[in-house]
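> Given chain U's structure and the hints, the job is docking chains Y and X onto it.
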Amino acid sequence: MSDFFTEAVLIATVAGAIRLAVPLLLAALGETFGQRSGVLNLGVDGIMLLGAFSGYYTVLKTGNVWYGLLAGIGIGVILGLASSLISVTLLAEQGISGIGVYLFGLGMSDLLFQRLVGTPVPISKFPKIDIPGLSDIPWLGGMFFSHSVVVYLAFLAVPAAMFVINRTTFGMNIRAVGENPEAADSLGVSVSRVRWATVTIGGTFAGAAGAALAIDLGIFQQNLTNAQGFIAIALVYFGAWRPLGVMAGALLYGFVNSLVLQFKTLGIIPQSWSDIAAMAPAIITILALVIVARRFRAPSALTKPFTRGT
Amino acid sequence: MIWLGVAAAAVLVIIIVAVSGGDDETTDTTAAATTTAAPTTEAPETTEAPSDTTEAPSDTTEAPAETTTTAAAAAPIRIAIVAPSASNDLAFTQSIVDGVNAIAAEREIAEIAITDGTFVVDDAAAAIRDYAANGFDLVVAHGSQYGGSLQEIAPDFPETSFAWGTAADTFGLPNVFAYEAASDEGGFVMGVIGAALTESGTIGIVGPIEVGDAKLYVDGFKAGAEANDSGVTVNINYTGSFSDVALASEAAQAHAAAGADVMSGTAQMVVGAISVAADQNILWFGTQANQATLAPEIVVASQVYKWEVVLSDILDKVAGGTLGGSSYVIDLENGGLVLEFNEDFTLSDDVKALADQTVADIISGAIVPTE
Amino acid sequence: MATVGNARRSSYLAYSVPVLSVLAALLLGAIMLVLLDASPVEGVRAMFDGAFGSGDALISTALKATPLLLVGVGITIAFRANVINIGGEGQMVAGGLLSTALALALGDALPAILMVPLVLLAGIVGGAIWGAIPGALKAYYGVNEILSTIMLNIVAVQLMNYLLRGPMIDPGEIERGTRIPQTQRLPEAADLPLILGNDRLHIGPLIAVLAAIFAYILLWRTPLGYRVRAVGQNPDASRYAGIPVKRTVVLALTMSGAMAGLAGAILVFGSESHRMVTDGSTAGFTGSAGFNGIVAALFGGLHPVWTIPASFLFGGLLVGGNALQRAVQVPSALILALNGLVVIFVVSTDRYKRLLRDRASAAETAARLAELEEANSVSVAAGANGSDPPDRAEPPPEGTGAAEGRDE
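Same order as they appear, the protein sequences are chains U, Y and X.
Quick note: the first sequence, position 195, residue 195 per our numbering, numbers continuous.
Quick note: the second sequence, position 39, residue 39 per our numbering, numbers continuous.
Quick note: the third sequence, position 262, residue 262 per our numbering, numbers continuous.
Be aware that a few hints might be false.
Which bits of chain Y does chain U cover? Going by a derived footprint, with three or more residues having C-beta under 8 Å, they are [what the hints assert, rightly or not]: (1) 89-96; (2) 284-295; (3) 310-317; (4) 357-367.
Calculated from the structure, these hints are not laboratory results.
Note that CB positions come from ideal geometry on N, CA and C, so glycine has one too.
Just chain U, same shape as in the assembly:
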């Protein structure tokens, strides 16, 4: 255990938690918009995978990580629009159409990878930025202020999402549509337009999350996300549909994962217990919710398609 309380290991544990949290955070923030307006999109992981592949492929071809991120975002927008069409306009059963999108993304990203790339080739990664001054702080600097640029962007998205949801007219409409679409509709808010917007935002974030993951790892492989999209959805519930809560959930999940990895590496958790230890993030997430949250309640209209006047 004494091996654990060294500067290098503690810094790596916290920094690792943050790295692991980023794709989850991005995807979950996007999903928060959709769910706040009453749409559950279970296809996040599929969008992430296609975003990851398009980001990876673009960087492979252009060498520019920013083009890669843009490509991921672009695919995210397209798939977000498609998801809107499916769940808002065509009023499909939300839980299930999302599984379709997931399967499509899982297969399609692998198919494209096999056809266009073949065997994995490494790509350049996001530049790492040491924030001047802050990164020199002992311990804390290495933990929080010496990360790849996309990490900062992801965490900056949290206050941005809070602002949009809590302080803008659009955000007010989102909440109204998610709580009581009939009333919002009678006040002249277009339920379907708001939901198209939020689901597309969700897709955009998911695409960005996938691209961020692939470019941060510098590689692509079939099923790169390994179902992180589903965990992101769970974290939206964990975060009680609030960006700060979602961030807390993503960090907790990342932290437990990171901690378990460090413990295994140092032999604090014996090898033969490796699978038991791998359950820890899931169990602790559930327990945390049992302890913390009984006060929060889902948006009333979540998973319920809305049609006017039927």
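Okay, now just chains Y and X, sitting in the frame of chain U:
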């Protein structure tokens, strides 16, 4: 709205009918082509429709053989592979695909069919059964998790030869071969090299789940490192997944934080770990396939599986009428396991000599990597 | 009379919608095949032959459909209580593990007549436990079932990996040093009996069909089923009516899990290998039936009995997809993508199907009313038609099915 839908549907049906009508002729011709070839191959099952399509290119290679070969027994063989991960995974599945392709370059093979990505055991069983029923001569079940199913399927197809790996058990069946890799041997040698190269005295290994081939390799590496220098610390991290690249990447970060300056790992998700090693200039040892392409500056060596050594013997036996019953191990001695050193990485003569000596000792039996 | 004709036409159209949407998805698949330089005709033919073209094909399809149907039936039960159970994967694993453990413990002690029911029961219990946990967490702690079931799926995989490479591993694997994470060949007395003289077709499909009928009776012919549906439609009103809402939610998820657990046990004891083996993921064992079963249930209008043909068709699609891969040698990833497209198309047009069906039943009711009016017995008909939905054995409360009836 209804009529729009009906119209769209009608168009769809028309297109489907038109397409299928149009293409029917081409399928008929391919079917005809195979029926003419059938008498020479002497396998009545080859006329089965589903397997025809991929034969188109191989038909041309078949043609000269038909004119020269008078003995029907030497008819080119058809091989099917069923494997769990992608055939380009730079790891387990790629090793067998490369092996079969290497064989195809040497001897005449009428057809190679691949069903990869079959992680669902039941689907793999269906594929194995289907290939056997369609008259493939050798069906390779490349996944240790397929063995239980194969044990039930093989007796139903006594004329078909099956190969199963990585495993050691032929279930006493006359038409099943088993093959495995002594991956602890290469692991041991690379462990020895790793211990000679580490300056921090700490080595990190990233594994999937503590089972099968992965465990064998990891145990071998650890034993090798400790045999060379008992003061070396070998940290092992089984992440719990064969596919979680992000977790493998973080496991490598954890090893780095614990002071490792030499790393290795096995299974397809290690691409994430290699990338971290490259960033931090940590030396890497690969296994199952040559991983030097992933990070030319830090990969020291890779243990490469040459399944063609085994396959070649299996095919000889099949041609001679023996369809199974024996099990194979690829190792350093028979050339089925090869250490491929990365040419871009300069290794000192001392270390190279140490590696060569260790290989020689394992081959002679002076060193036994793991119990 | 014209209205009855309209009704019939709308109703035919309604039934053709899912079929047409599958065709549309397959057309996209055909285009992809062309892009991959494979013959789409050959592909479609192989797909159909592989799924429905022969006795063997039909058996493969029936076996593939079995877990889909059981999970699907479980899904309908949970959806009726307005609970989304996406934990089918973990529940199947739990059922498989508990039944395997029991079989290993009993060994050859019991005859088949006792062994088979016992191991199936163990599967039911295992799945039920894995379903009851999220049920209790939801009812008593307010933990959303989507979060808990996703997390419990993760726990189940690791539990499976631990048990199969540790306590439950085949001793032969240790001896040989191959350490494949699988159990030994399970006792033959526990093998699911084969039927119809076939060497692969076991009683699994039969059990699944019986389970579907059982669920139908349970939901629509028993007080318990009435409570489940009442809670699903209006928990507040149910509470006032004295229904124990929390307990009913737990029970619904427990039953849903039990069905998935039974599917897990059938997968183990009806498998070719008669062992349990892991490749490190849930999907390697379940074939993603925990997810695909949800689709099958929706395909069947979230009605247990209609889920029977729906599962069979969907199972055929999966079996046929694999046959297509082998026949035209395209990457198996294409089949996954195609599977996704089919799901998307079917679900997206589902609303339209319901619209047509509603129109059909509305037209029919109107026609009947007109007839009745002629016979001067309007009041009775209006009464029967206007209220009393609980006893209606037809598919869902005409609206969403999954979510509670927003548009009634």
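> Hint by hint, where does the structure go against what was stated? Just the numbers, ascending.
3, 4
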